[in-house]
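I would like the entire structure built from these sequences, with the hints used as guidance.
If you're matching them up, the sequences are chains V and P in order.
For the working numbering, count along the first sequence from 1 and bump the result up by 1.
For the working numbering, count along the second sequence from 1 and bump the result up by 162.
It is possible that some hints are incorrect.
[Said to hold, decoys possible] One-sided excerpt, in silico: chain P residues whose CB lies under 7 Å from chain V:
hint, residue
1, MET163
2, PRO196
3, VAL390
4, SER391
5, LEU393
6, ARG406
7, ARG408
8, PHE409
9, GLY411
10, TYR412
11, ARG413
12, ARG416
13, VAL417
14, ALA420
In case anyone wonders, no lab produced these hints; they're calculated from the structure.
We treat Cβ as the ideally placed atom computed from N, Cα and C, and that holds for glycine.
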Amino acid sequence: MKALNNLRNFARRDKVFDFVDKPTNRAVDTSHGHILYVEDVTVSFDGFKAINDLNFYIEVGELRCMIGPNGAGKTTMMDIITGKTRPDKGSVFFGQNIDLLKMDEPEISQMGIGRKFQKPTVFEFHTVFENLELSIAGDKDVWSVFTAKLSSEQLDRIADVLTTIGLTENAYQRAGALSHGQKQWLEIGMLLMQNPKLLLVDEPVAGMTHQEMDRTAELLTSLAGEHSVVVVEHDMDFVRSIANKVTVLHQGSVLAEGTMDEVQNNQKVIEVYLGE
Amino acid sequence: MLTKLLKDDRGGMVFLIILSLVAVLVPLLNIFVPESNPLHVSTYTITLLGKYLAFALLALAVDLVWGYLGILSLGHGAFFALGGYAMGMYLMLQIGDRGVYGNADLPDFMVFLNWTEVPWFWSGFNHFWFAMIMVMFVPGLLAFIFGVLAFRSRVTGVYLSIITQALTYALMLAFFRNEMGFGGNNGLTDFKDILGFSLQADSTRIVLFIITAIALGLGYLSCRAIVVSRLGKVAVAIRDAEDRVRFTGYRVDRVKLAIFTFSAVLAGIAGALYVPQVGIINPGEFSPLRSIELVVWVAIGGRATLYGAVVGALLVNYSKTFLTAAAPEMWIFVLGAMFVLVTLYLPNGIVGLIPKRGAKA
Numbered sequence: 002m003k004a005l006n007n008l009r010n011f012a013r014r015d016k017v018f019d020f021v022d023k024p025t026n027r028a029v030d031t032s033h034g035h036i037l038y039v040e041d042v043t044v045s046f047d048g049f050k051a052i053n054d055l056n057f058y059i060e061v062g063e064l065r066c067m068i069g070p071n072g073a074g075k076t077t078m079m080d081i082i083t084g085k086t087r088p089d090k091g092s093v094f095f096g097q098n099i100d101l102l103k104m105d106e107p108e109i110s111q112m113g114i115g116r117k118f119q120k121p122t123v124f125e126f127h128t129v130f131e132n133l134e135l136s137i138a139g140d141k142d143v144w145s146v147f148t149a150k151l152s153s154e155q156l157d158r159i160a161d162v163l164t165t166i167g168l169t170e171n172a173y174q175r176a177g178a179l180s181h182g183q184k185q186w187l188e189i190g191m192l193l194m195q196n197p198k199l200l201l202v203d204e205p206v207a208g209m210t211h212q213e214m215d216r217t218a219e220l221l222t223s224l225a226g227e228h229s230v231v232v233v234e235h236d237m238d239f240v241r242s243i244a245n246k247v248t249v250l251h252q253g254s255v256l257a258e259g260t261m262d263e264v265q266n267n268q269k270v271i272e273v274y275l276g277e
Numbered sequence: 163m164l165t166k167l168l169k170d171d172r173g174g175m176v177f178l179i180i181l182s183l184v185a186v187l188v189p190l191l192n193i194f195v196p197e198s199n200p201l202h203v204s205t206y207t208i209t210l211l212g213k214y215l216a217f218a219l220l221a222l223a224v225d226l227v228w229g230y231l232g233i234l235s236l237g238h239g240a241f242f243a244l245g246g247y248a249m250g251m252y253l254m255l256q257i258g259d260r261g262v263y264g265n266a267d268l269p270d271f272m273v274f275l276n277w278t279e280v281p282w283f284w285s286g287f288n289h290f291w292f293a294m295i296m297v298m299f300v301p302g303l304l305a306f307i308f309g310v311l312a313f314r315s316r317v318t319g320v321y322l323s324i325i326t327q328a329l330t331y332a333l334m335l336a337f338f339r340n341e342m343g344f345g346g347n348n349g350l351t352d353f354k355d356i357l358g359f360s361l362q363a364d365s366t367r368i369v370l371f372i373i374t375a376i377a378l379g380l381g382y383l384s385c386r387a388i389v390v391s392r393l394g395k396v397a398v399a400i401r402d403a404e405d406r407v408r409f410t411g412y413r414v415d416r417v418k419l420a421i422f423t424f425s426a427v428l429a430g431i432a433g434a435l436y437v438p439q440v441g442i443i444n445p446g447e448f449s450p451l452r453s454i455e456l457v458v459w460v461a462i463g464g465r466a467t468l469y470g471a472v473v474g475a476l477l478v479n480y481s482k483t484f485l486t487a488a489a490p491e492m493w494i495f496v497l498g499a500m501f502v503l504v505t506l507y508l509p510n511g512i513v514g515l516i517p518k519r520g521a522k523a
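Shown next as structure tokens:
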């Protein structure tokens with residue numbers, strides 16, 4: 002039966018073959034106002050359901066916070082969206098037309114989804130400037146990378162991003178020598194260099210001082226609008242300071258969704274998470 | 163172009179200047195200084211130096227993938243040996259009827275095995291140009307196939323090192339077999355001439371030495387071209403944070419594949435330069451120990467500098483020549499001790515002792 006379906010799909014006359022019309026050549030279609038569709042996604046590791054029938058949608062330009070206790074599946078969810086983990090079932094679409102489950106990490110990144118890791122991950126041996134240079138959007142096949150030169154627009158773009166993340170003075174410092182907070186900002190800057198439409202930010206303020214947190218909040222709110230931003234965070238004060246819409250995850254599915262106030266007054270949420 | 167490649171590379175500049183001086187002076191000292199003069203460089207020394215330079219080129223290839231890309235290849239000896247065998251096959255077919263058995267069509271070992279004709283995979287190797295293409299193509303192809311399989315399935319770290327080790331070991335066992343048609347455990351030897359020039363003649367040896375020096379210089383510059391390009395920066399980024407590179411939109415497997423294959427081609431060229439100067443190639447070159455030894459050269463010289471690899475290769479091989487003559491049983495202990503000491507006290511190798519210009523100011 003499955004083989005027959007595959008054959009039918011293969012023989013469809015209203016579509017060209019995938020290898021002719023590569024998904025990476027298509028532009029994202031967001032005419033219905035949503036940038037990300039996650040529907041009925043389930044994934045299990047050795048029988049443990051890390052994600053269980055997860056559904057949520059992200060609007061264009063939205064800043065969404067995801068909260069949830071440890072093991073709620075927040076990082077696994079990001080792994081699925083960015084192509085690192087394949088779900089057992091369900092669908093994940095970028096815009097209305099791009100099936101992310103058919104693509105691998107570099108393709109998804111090229112499509113315009115940037116991801117910041119939980120642990121700040123920058124290229125420690127390179128300078129801040131070089132970190133941003135390596136993250137420039139554009140052709141990334143071996144030969145064009147070998148022959149790549151920085152154009153003046155790209156230099157301007159790097160300077161802009163350096164200002165945005167507040168690291169202009171550290172531009173020629175090795176990334177490994179930055180403080181923890183600065184590395185977090187640099188990583189966000191590296192995402193911005195890729196001109197992403199959707200930013201997935203995993204625990205951006207972990208290990209930050211209060212001043213650094215405030216600056217990060219400012220940075221992330223300023224990015225929303227132009228980009229859609231999904232922030233996974235544990236720190237409630239931080240979430241309250243930036244979010245207008247919050248999704249609460251619990252045991253791999255959505256427990257509640259709404260404004261911070263609505264969520265905080267939700268009885269189920271209080272039980273599993275906020276009340277403790 | 164040259165100034166761009168050597169910008170911020172003081173060590174490389176010094177190395178290239180010394181290399182050019184040596185390539186010019188050594189032949190002059192051989193030809194114009196009479197043998198009685200202490201400054202005279204014998205042809206034996208020239209060939210020895212040529213051998214060291216071929217090893218230095220091999221060390222460069224190892225440093226490119228280990229120092230910059232973070233792939234600890236314990237099988238680079240395989241690519242070196244394959245290049246050497248391709249050259250050896252050409253040289254074998256040049257012997258003609260001057261072999262022990264006097265057979266004009268068949269190399270000696272095939273006559274010995276009662277073969278009646280040269281196997282198909284030897285065809286073409288009587289042409290120099292074909293052999294030279296194979297010198298690069300065969301190691302490159304092996305590295306490419308190996309790389310596609312290993313890098314696509316994301317094998318990294320120590321597991322990859324073990325597989326490279328297995329690769330060279332498997333090739334060694336295969337090449338030891340007479341049925342393979344590469345001379346079994348005796349390998350290929352008893353070469354007479356190359357392009358019509360006798361390999362025993364002083365002039366041929368000097369020319370081979372100069373060609374090796376030029377190859378090393380060009381090899382250095384080509385590695386440098388990769389290292390200073392954005393591709394080189396991506397390579398270092400892969401070494402330090404592979405996942406980040408992947409989520410930045412680079413195809414990590416292709417970057418690795420390209421650099422690994424290039425490095426294998428360099429190793430193959432080094433092997434081809436080594437064989438006519440040493441006069442023999444046998445399966446011993448495939449032995450895992452040989453490949454580990456080259457990693458030791460690079461570690462001792464200093465990783466991720468390129469010229470450090472050259473320094474390491476020259477130094478270790480000179481000590482080897484010296485010690486295996488003076489106190490043969492000591493050599494393996496000295497090599498081990500050097501490696502341990504360098505790992506413990508000089509993590510940046512010998513060239514790490516040279517103060518950086520930035521650090522001094």
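Structure-based check of all given hints:
1. MET163: violated (13 Å)
2. PRO196: violated (50 Å)
3. VAL390: At about 10 Å, which exceeds the 7 Å cut-off, the nearest Cβ of chain V leaves the hint on VAL390/P violated.
4. SER391: This interface hint holds because 5 Å falls under the 7 Å limit.
5. LEU393: With a closest approach of 4 Å, the LEU393/P hint holds.
6. ARG406: ARG406/P check passes; min Cβ-Cβ to chain V is 4 Å, inside 7 Å.
7. ARG408: Holds - the Cβ of ARG408/P comes within 7 Å of chain V, reaching about 5 Å at its closest.
8. PHE409: It holds, given that the least Cβ distance between PHE409/P and chain V is near 5 Å, below 7 Å.
9. GLY411: Status holds, d = 4 Å.
10. TYR412: It holds, given that the least Cβ distance between TYR412/P and chain V is near 5 Å, below 7 Å.
11. ARG413: Holds. Min distance 5 Å.
12. ARG416: The hint holds - ARG416/P has a Cβ within 7 Å of chain V, the shortest such distance being about 5 Å.
13. VAL417: holds (6 Å)
14. ALA420: holds (5 Å)
This entry does not satisfy hints 1, 2, 3, going by the numbered hints stated previously.
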